[in-house]
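Add chains Y, A and X to chain D, keeping to what the hints say.
Protein chains: 4
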Amino acid sequence: MSVMLNFAMFPTDKGDSVSQYVSQVIKNIKDSGVPYKLNPMGTTIETDTMAEALKIVQESYDILEPVSDRIYCSVNIDAQKNKGQRMQSKIASVEAKIGEVNK
Amino acid sequence: MSVMLNFAMFPTDKGDSVSQYVSQVIKNIKDSGVPYKLNPMGTTIETDTMAEALKIVQESYDILEPVSDRIYCSVNIDAQKNKGQRMQSKIASVEAKIGEVNK
Amino acid sequence: MSVMLNFAMFPTDKGDSVSQYVSQVIKNIKDSGVPYKLNPMGTTIETDTMAEALKIVQESYDILEPVSDRIYCSVNIDAQKNKGQRMQSKIASVEAKIGEVNK
Amino acid sequence: MSVMLNFAMFPTDKGDSVSQYVSQVIKNIKDSGVPYKLNPMGTTIETDTMAEALKIVQESYDILEPVSDRIYCSVNIDAQKNKGQRMQSKIASVEAKIGEVNK
Chain D
1 MSVMLNFAMF PTDKGDSVSQ YVSQVIKNIK DSGVPYKLNP MGTTIETDTM AEALKIVQES
61 YDILEPVSDR IYCSVNIDAQ KNKGQRMQSK IASVEAKIGE VNK
Chain Y
1 MSVMLNFAMF PTDKGDSVSQ YVSQVIKNIK DSGVPYKLNP MGTTIETDTM AEALKIVQES
61 YDILEPVSDR IYCSVNIDAQ KNKGQRMQSK IASVEAKIGE VNK
Chain A
1 MSVMLNFAMF PTDKGDSVSQ YVSQVIKNIK DSGVPYKLNP MGTTIETDTM AEALKIVQES
61 YDILEPVSDR IYCSVNIDAQ KNKGQRMQSK IASVEAKIGE VNK
Chain X
1 MSVMLNFAMF PTDKGDSVSQ YVSQVIKNIK DSGVPYKLNP MGTTIETDTM AEALKIVQES
61 YDILEPVSDR IYCSVNIDAQ KNKGQRMQSK IASVEAKIGE VNK
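Chains as they are written, first to last, in the working numbering: chain D, 1 to 103; chain Y, 1 to 103; chain A, 1 to 103; chain X, 1 to 103.
If we strip away everything but chain D, and leave its shape as in the complex, we get:
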């Protein structure tokens, strides 16, 4: 399977500015070696197995848990068989149909 997982995780007890916390989560993803792409409201990763994808979610939590009293997380997963790297190909497939898009 190609497992694409998009998620955002953040403390909700820190007021309205949380980028210092979110940055640590993203740094861990960057350092993990897993293919990823940051978007304005979350990060998409792509792995071969669900276990690898959920490991990133667990690690993100392990970063925020010691410094937060409350954490919220939203995750979407799209897993598909018989597909290679979809992180690029999905956007390319849309552009083949409707022309260049902002990305």
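Simulated from the structure, these hints should not be mistaken for laboratory data. Hints may contain errors.
[Claimed, not checked] For each label pair, taking beta carbons as the anchor points, the in silico distance ranges come out as:
| id | chain 1 | residue 1 | chain 2 | residue 2 | range |
| --- | --- | --- | --- | --- | --- |
| 1 | D | 82 | Y | 24 | 20 to 28 Å |
| 2 | D | 33 | X | 33 | 33 to 41 Å |
| 3 | D | 17 | A | 17 | 13 to 21 Å |
| 4 | Y | 95 | D | 85 | 22 to 30 Å |
| 5 | X | 15 | Y | 28 | 24 to 32 Å |
| 6 | Y | 93 | D | 102 | 40 to 48 Å |
| 7 | D | 95 | X | 59 | 40 to 48 Å |
| 8 | X | 95 | D | 33 | 13 to 21 Å |
Predicted model only: the values in this text are computed from it and were never measured. Even glycine gets a Cβ: it sits at the ideal position worked out from N, Cα and C.
Quick look at chains Y, A and X alone, frame taken from chain D:
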């Protein structure tokens, strides 16, 4: 932490009727012994750790993966320190403020 | 179409206790007359059209916006043709397959 | 408010290849003039009001509804006061803290 996780997971390659697949996922949750509550669009579980909560997501995937070419999953997590069983208390807290609700 | 929409909306600039804000959102849903069901992490509503469902999301925002500097909202929508009231029938359909569940 | 809304909407009764449908939704966003950014699992838009953001969700549904028996949609909204265009600035803020990222 009290980790509440609400999720829906379903195959998207099976046409518009997927309750036979979703039922197997819910049966596994029911059999797991983890406190849970089924709602019309997903299932909420509550665990002491993130690892236990993600284990249920992994098991759900392991049920659907052999029989599906494409799987979608939406997950929301609300983790909070210093709280007991919130699955009942959160609804009770709302009812204390605005009266009885449908639940 | 039967439009089922499950959502949670809350301020993220108010510390880790937000039930006073969330209660106002739920009170509006209760008063709206739209069929709804509260669950531990959100509220499911069911309407005949997408416009009616999104109206509840807009009203919820209009309640929180004046008193919040930052608001987060997670929404899932499941719309299906040729179906009556699914809010009860979906859970009944699962129970027909695997026996009684917590709900 | 700056309203950022990330969403994915797709038919679930069309088998596992839905890019022809999703492309029409994205074309509408592109043609709408609303600032947007496509990511591998959804599209983020940014508007000044919730009404403008939900209008895009409604339009997306109006594109898919006539050709689908079942539609799923996942939406996340992050609304913040006293902020300009966050679609670029949020990623820039992360990069200021941890260096360049994939985006």
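Hint numbers not upheld by this structure, sorted from lowest to highest: 4 and 7
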